[in-house]
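Novice: Going down the list, the sequences are from chains A and B.
Each residue of the first sequence is one higher than the last, beginning at 1 in this note's numbering.
Each residue of the second sequence is one higher than the last, beginning at 1001 in this note's numbering.
In case anyone wonders, no lab produced these hints; they're calculated from the structure.
Beta carbons: idealized from backbone N, C-alpha and C, even for Gly.
Among the hints, a few may not be true.
What the hints assert, rightly or not - Estimated spans, in silico, between C-beta atoms of each pair:
hint	chain 1	residue 1	chain 2	residue 2	range
1	A	GLU595	B	PHE1658	19 to 27 Å
2	A	GLU735	B	GLN1345	57 to 65 Å
3	B	ARG1744	A	THR197	20 to 28 Å
4	A	ASN643	B	ASN1499	52 to 60 Å
5	B	THR1800	A	HIS642	23 to 31 Å
6	A	ASN490	B	LYS1731	36 to 44 Å
7	A	VAL656	B	LYS1504	27 to 35 Å
8	B	PHE1658	A	VAL656	49 to 57 Å
What the hints assert, rightly or not - Simulated pairs of lysine-lysine, DSS-like, Cα-Cα distance not exceeding 27 Å:
hint	chain 1	residue 1	chain 2	residue 2
9	B	LYS1822	B	LYS1884
10	B	LYS1494	A	LYS822
11	A	LYS731	B	LYS1062
12	B	LYS1727	A	LYS58
13	A	LYS822	B	LYS1835
14	B	LYS1727	A	LYS727
15	B	LYS1727	A	LYS822
16	B	LYS1727	A	LYS62
17	B	LYS1727	A	LYS804
18	B	LYS1884	A	LYS822
19	A	LYS825	A	LYS724
20	B	LYS1724	A	LYS822
21	A	LYS62	B	LYS1731
22	A	LYS666	B	LYS1835
23	A	LYS727	B	LYS1494
24	A	LYS731	B	LYS1058
25	B	LYS1504	A	LYS666
26	A	LYS666	B	LYS1666
27	B	LYS1062	B	LYS1206
28	A	LYS407	B	LYS1664
29	A	LYS804	B	LYS1835
30	B	LYS1084	B	LYS1206
31	B	LYS1005	B	LYS1206
32	A	LYS419	A	LYS355
33	A	LYS664	B	LYS1884
34	B	LYS1355	B	LYS1407
35	B	LYS1825	A	LYS825
36	A	LYS407	B	LYS1727
37	B	LYS1524	B	LYS1433
38	B	LYS1825	A	LYS724
39	B	LYS1664	A	LYS494
40	A	LYS5	A	LYS206
Chain by chain, the residues run as shown.
Protein chains: 2
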Amino acid sequence: MSHQKEVYFFSQGEAEGNASMKNTLGGKGANLAEMTSLGIPVPPGFTITTDVCSLFYKNGEKLPQELFGQVEEALARVEGKIGKKFGDAKNPLLVSVRSGGRASMPGMMDTILNLGLNDETVKGLADSSGNERFAWDSYRRFVQMYSNVVMGMNTSFLEMTLEDMKADRGFEKDTELTADDLKQLVERFKEQILDTTAKSFPMDPKEQLWGAIEAVFSSWNNDRAITYRRLHSIPDEWGTAVNVQSMVFGNLGEDSGTGVAFTRDPSTGDQRFFGEYLMNAQGEDVVAGIRTPQPITKEAAKGTGLPSLEEECPEAFKELVETYKKLENHYRDMQDIEFTIEKGQLWMLQTRTGKRTARAAVKIAMDMIDEGLINEQEAVLRVEPESLDQLLHPTLDPKSEKTLIAKGLPASPGGVFGKVVFDSDEAVDWKAKGEKVILVRVETSPEDIEGMVAAEGILTSRGGMTSHAAVVARGMGKCCVAGCGDVQVNEHAKEFRANGYVVKEGEIITLDGGSGEVFLGEVKTIPPQLDGAFHRLMKIADKSRKLKVRTNADTAPDAKTAIEFGAEGIGLCRTEHMFFAPERIDWVRRMILAENLEERQRALSELLPMQREDFVQIFKVMEDRPVTIRLLDPPLHEFLPHNDEEAKELAERLDVPFSELRTKVKVLHEFNPMLGHRGCRLAITYPEIYQMQARAIAEAAAEIVSGGQKLVPEIMIPLVGEAKELKILRKQVMETVEKVQKERSVSYEFMVGTMIELPRAAVTADQIAEYADFFSFGTNDLTQTTLGLSRDDAGRFLNTYVSKGIYGTDPFVSLDQSGVGKLVKMGVDLGRGSKTNLKIGICGEHGGDPASIEFFAQAGMDYVSCSPFRVPIARLAAAQAALKN
Amino acid sequence: MSHQKEVYFFSQGEAEGNASMKNTLGGKGANLAEMTSLGIPVPPGFTITTDVCSLFYKNGEKLPQELFGQVEEALARVEGKIGKKFGDAKNPLLVSVRSGGRASMPGMMDTILNLGLNDETVKGLADSSGNERFAWDSYRRFVQMYSNVVMGMNTSFLEMTLEDMKADRGFEKDTELTADDLKQLVERFKEQILDTTAKSFPMDPKEQLWGAIEAVFSSWNNDRAITYRRLHSIPDEWGTAVNVQSMVFGNLGEDSGTGVAFTRDPSTGDQRFFGEYLMNAQGEDVVAGIRTPQPITKEAAKGTGLPSLEEECPEAFKELVETYKKLENHYRDMQDIEFTIEKGQLWMLQTRTGKRTARAAVKIAMDMIDEGLINEQEAVLRVEPESLDQLLHPTLDPKSEKTLIAKGLPASPGGVFGKVVFDSDEAVDWKAKGEKVILVRVETSPEDIEGMVAAEGILTSRGGMTSHAAVVARGMGKCCVAGCGDVQVNEHAKEFRANGYVVKEGEIITLDGGSGEVFLGEVKTIPPQLDGAFHRLMKIADKSRKLKVRTNADTAPDAKTAIEFGAEGIGLCRTEHMFFAPERIDWVRRMILAENLEERQRALSELLPMQREDFVQIFKVMEDRPVTIRLLDPPLHEFLPHNDEEAKELAERLDVPFSELRTKVKVLHEFNPMLGHRGCRLAITYPEIYQMQARAIAEAAAEIVSGGQKLVPEIMIPLVGEAKELKILRKQVMETVEKVQKERSVSYEFMVGTMIELPRAAVTADQIAEYADFFSFGTNDLTQTTLGLSRDDAGRFLNTYVSKGIYGTDPFVSLDQSGVGKLVKMGVDLGRGSKTNLKIGICGEHGGDPASIEFFAQAGMDYVSCSPFRVPIARLAAAQAALKN
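Please model the complete structure; the sequences and the hints are all you need to start from.
Specialist: Set out below in structure tokens:
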């Protein structure tokens, strides 16, 4: 029986693996092999593959039999290279054992250094290094790490013993402990370990090694690692590799040291070598923060009063600079590296693609084109589309002090502060007085629009990522923290409570829409940064893109913003928001309360010129770009007063009996408004509503076209579930538009299409396509109906669902591809099967989500439509989707 | 260019068509041809095919050119047979022109008799018949019919002229008018027609004929016909045929007559010839009700004081009896026939399958097996499953006088009367005092269960065919009229208003659950009739059936009823109804209001023994039949008080602060409870709820199995949308059951399955099947989510949707096969694809609907489950589904 290769050796120009083998060797192992092959000095060692991790879990956490021989063999090769023997009392080989998965999971899994030390080999190390204290300190560290990671000791016990000894001796720092102190400490540690775990600390280096390997594999499933994977969408099946590598020591004296560095500035993207180091230290000391790390370059050290590596260790520095340049050129990306200098000799311990801010990512990608390192397509793929959001909104200054009082959903990004108000009218009033306000509500409704416009940001205690507040705020590019369950709003008392804090009207809070955090008082913000590199990236991205990017915009100003961000049309212009303006809402209500067709038409005729003017303004801004206008969608009761007080006021204003009005409101109440009398169902029962809207669009278009502007209005009918609905309504709309064209003696093309937002529409899309010039997938509602999940109510359990891994992500944020996506695909295929040239887009919130955009591109859509502030993200994501496939 | 045959001739043993050609010749034409071939005397004539009707509409209501020749040729053949010529002044051939579609549409389309008469031929008719008055009366009738049907005259004008003349002459009956009177009348008619239509009445018989043929085709699309087709699901494309047939006259004197008859009693199914006739009359006179028709047989005439045909015309009677027997034997079904006797000679004008009551249908089918006319399979196909409903419930006596005050949806059949109460507690109290009550509510909720049990029937003003009231009432076999928008309930005033009537508490009303009608006062009822024939039919049906039939039952008594109706198991036992019992609901509420796990478990442990006892009782009744128990499904707020008053009472009872309780109720409120925190989502967040229920089932099963009864409990998890939900909950349930088995040292098999009731579940059924032992399609909720249609809210527009033909039928009554059905099929196929032996059933309301049952059978399901009173219907429908495919 032939076995798979499970162990990959590397040493000085002789590596069995390479950088392309990340899936098998993990990121760290693959890059160690690659660096070795490049001739970069890497301590010899070997990598145990991720496949072994899978086998380990398949076998009930047991290592496969064949691994033992392969490890023994590799270990022997390391001994040969180094000239030391593992477990040798005179000249012992020591190794580190580290995890390393396909994706970086910093600090999530376990590492053991100095492995191979025992009561014998420690003496050999003391002799061979000529540094007894160093040897015993290494042993002390090893016992602490190993007993914790492998034997499950609580580290704080040993830490206390160490602190006790320092106190006994009157020492402040670990470094003051002498070799003898450390010897005693190791003895005490071993006793404590035996007491606590009922096991002796293993003296056999092989037993130590196998214990460490198993422990690293086991750490793949520790709680931290599981949580990290969930948060970063890393599959559980990937597993980790294990790297066993001969130790080099940065703590062998003043000619030794260790450090980490970035090949460019990870914050700005500037082309300067950037890092920190400590002399006479082991890796953990740099990050532990006990000593202040020093800057690597002389330039960076300027004014700090600290020496730099460039000065302290010029030879090693020179080699490090050569190495980083070699690595960046080789990997053609900014690298994050770790190194150790042992007695003046540089060793590289790690290189990987460096994490960076959005700003740096854009700058580096653009610079590298100019440097000839990458081409334009590669540059486009280098920037995470979602990260652009950081560039488009002000953000909180990370250096500010903050008092966190609550955390909700990061519904719409940005960092803002203002005085708390609990009412939309107040928000408008305060704003008029020059105040910055934060509108705090249980949940917003369309009546809050004016208040939302007036506010700097919105905080709600209910509702999810696609609640009314969240959707509208994103549309406005306004900061919003939604569904903040910590916050209990008391509108009457004009205050809210959150985790023991009480915040009253007029007090200042700060929202971080990017994290969902709410802070007490004012936190400083940093303005958005759209530099030349950003615009250049967008331009390059557009070259690769096949999917068009439109925007969801209901007003001319929103449309203008979107165009500035590169929107190529409007994919969703909702007409109902236009109905909530103060001078209109009462006419809308008269229309709803009408007892007969005549009264209803009278009210509609009042609304007609207002709607027409809305469309004229939008058409003007959009110039010759396409505009899709959705006819009235929400249930009528949304426009009516929600309590008796408002109803009384309205009854007086409209001069109708209050009891009659209240009855009407009651009659229109629905148990499940989401599944109720809305969308095209309104027009089936009250055809005159859509007729008015179609006329308003047609008249506006006539005016625009008469003025010489080109225009093909796209009229969209929502909530169609059955082809016959569209057949009837299409005919009505077409008749109305044609009548207007005749009246005005003007002719222009127009389209009538539909939303696909019900499962039934998706599975009967072939029939629906017969009456549609275009489809626009409404994936918000399609998600609600397909999953049977109300976005307004899901907040109560959605977090549990995501944290238990039932949903990978919030399905309202990123499309549920295997469920809703299956229906979308079916809808596209059936629609095009029946009408080849059918124009297909998507206008749900998913239109601005990069993962969803890739799916839509693959499904063969013509365009996505998203809120104005997500247009750049969508453009980049669409470009990446095209380049990936 | 060869033309299709568009005209089929028939005369005395020489017919070009036959009974199998109904699609082409219509029912009437096909049967005229068939009778002719059988040697039965049929007046010669010809049939113009339904294809011509299609061509007629395709050509913009113009007849195809080639028809003219074919009609001329057929007409000539008729002339040859009869020895009269069309339009001949001496011996004119007269014809009738009648419609006749594939499906019978009685009275919906137009008929013209005596065609061919004009000022000349009328004299010939007078001469050849020797009866001048007869000739002019025929002419008068023809002018009236023709001017109405072909020329669009309003008949009432001519009718008034006729009445005026009678008044002038002092006559009472039409028959008193003399030949001269009739001559004058025809003249006046012709003048009036010219005045009104600006057209002369056509004198050319050919022009008359073509006008009549066109008019009959046009009548296919008159409003009555369109409405009728919609109500009876007859496709618009079918079209009608036109029958042109030589006239025979029942009004040629006392040796002539006309009649209609059924070959068996259409009401009871008894084997007796049953019909009515009039001597010296034309067809229309029998139905017009001017003269009282006479019974055909001597026996039927006994005691009526009327002569019978058997006595008046023994020769013709004998021939009629021979003919009806021949026809029944030939068609092997009860026939509905029309005949005319002309001067002692019998002519058959029509035969068709006779309409009958459910009782008669069952009796006839069983009798015909014994008579050797049909076999058992044919007998099973002879009875409309839906019609059995009539047999299972008391019905209103059709002979009673009634005052209709409102009409709602026929939600659950039966005819009941009782005193009106507006409150469930009142219903219980009044019932205890021995009163019969009707519970009248806006809509019922689970808290009304006791009141519904106490009431004779339920009337609601809101909610559709699958509203709470409707579903629960059907489950109980209790009469219910739901969604009766005419009724405005005022609970405070204890009265309701409907179309001007005011009905107060204690006043009697009667409900007809089969028609949805509400009557004032008491209407007599007829008890249900389950005779030997019914039971025999069920037994025979069961032989052919492949689909199992289970029932939806939540209590032991319901289960018992269902078993008596032949249920083979329980397909849906809802556990939430059990929670509403008065001694339990407060424990349920304590569970919901619990602040922590401990409190919640305390409340659940109180509920455990109660639930266990429920299951013990049900298992006992069901014996070894399978029982599927669905774990808790509704959102928790359904169990909480719905207003402040109730909340206050509860707060006192539970000794919690009212404000706290009210806050909890508010927090649990949902915008769209249908899409909210319910079903398995409750168990994902509160695992202890399902754990209690699983334990109650397991303990009950342990008790039953220990007693020696066989049992395989089926535990069903609702509202699964993602396989991982089921994976988690299945594991929990299995662990609980296995733990109980260990505790009780008893072992039995059990199954864990799921509802497929969300579109996402249907499209990912392959993944879900991995964790399911069975699927049960919940087509109620699947319809709601697939169509985006709340059954509680749809009432407002569903009628409009059905009347505009957007939906063929209410999708909550009969499965939407092309939409929801597509997902069902997908779910079945994906589920079986992943697990071949997956048991699949359906437990939505559609499980009792014959059309849906046929679909489920074809989809490959193992069983349907329906409310107890629909079990016989389902058994018959399932048998028919098997026989048809």
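Novice: Are the hints correct? Go through all of them and say.
Specialist: Structure-based check of all given hints:
no., hint, in the structure
1, A/GLU595 <-> B/PHE1658: 19 to 27 Å, "violated, 41 Å"
2, A/GLU735 <-> B/GLN1345: 57 to 65 Å, "holds, 59 Å"
3, B/ARG1744 <-> A/THR197: 20 to 28 Å, "violated, 40 Å"
4, A/ASN643 <-> B/ASN1499: 52 to 60 Å, "violated, 32 Å"
5, B/THR1800 <-> A/HIS642: 23 to 31 Å, "holds, 27 Å"
6, A/ASN490 <-> B/LYS1731: 36 to 44 Å, "holds, 42 Å"
7, A/VAL656 <-> B/LYS1504: 27 to 35 Å, "holds, 29 Å"
8, B/PHE1658 <-> A/VAL656: 49 to 57 Å, "violated, 35 Å"
9, B/LYS1822 <-> B/LYS1884, "holds, 21 Å"
10, B/LYS1494 <-> A/LYS822, "violated, 52 Å"
11, A/LYS731 <-> B/LYS1062, "holds, 26 Å"
12, B/LYS1727 <-> A/LYS58, "holds, 19 Å"
13, A/LYS822 <-> B/LYS1835, "holds, 21 Å"
14, B/LYS1727 <-> A/LYS727, "violated, 43 Å"
15, B/LYS1727 <-> A/LYS822, "holds, 21 Å"
16, B/LYS1727 <-> A/LYS62, "holds, 26 Å"
17, B/LYS1727 <-> A/LYS804, "holds, 12 Å"
18, B/LYS1884 <-> A/LYS822, "violated, 34 Å"
19, A/LYS825 <-> A/LYS724, "holds, 22 Å"
20, B/LYS1724 <-> A/LYS822, "holds, 18 Å"
21, A/LYS62 <-> B/LYS1731, "holds, 25 Å"
22, A/LYS666 <-> B/LYS1835, "violated, 49 Å"
23, A/LYS727 <-> B/LYS1494, "violated, 46 Å"
24, A/LYS731 <-> B/LYS1058, "holds, 20 Å"
25, B/LYS1504 <-> A/LYS666, "holds, 23 Å"
26, A/LYS666 <-> B/LYS1666, "holds, 19 Å"
27, B/LYS1062 <-> B/LYS1206, "holds, 16 Å"
28, A/LYS407 <-> B/LYS1664, "holds, 21 Å"
29, A/LYS804 <-> B/LYS1835, "holds, 26 Å"
30, B/LYS1084 <-> B/LYS1206, "holds, 15 Å"
31, B/LYS1005 <-> B/LYS1206, "holds, 21 Å"
32, A/LYS419 <-> A/LYS355, "violated, 36 Å"
33, A/LYS664 <-> B/LYS1884, "violated, 50 Å"
34, B/LYS1355 <-> B/LYS1407, "holds, 26 Å"
35, B/LYS1825 <-> A/LYS825, "holds, 18 Å"
36, A/LYS407 <-> B/LYS1727, "violated, 31 Å"
37, B/LYS1524 <-> B/LYS1433, "holds, 22 Å"
38, B/LYS1825 <-> A/LYS724, "holds, 23 Å"
39, B/LYS1664 <-> A/LYS494, "holds, 21 Å"
40, A/LYS5 <-> A/LYS206, "holds, 21 Å"
In summary, the numbered hints that this structure violates are 1, 3, 4, 8, 10, 14, 18, 22, 23, 32, 33, 36.
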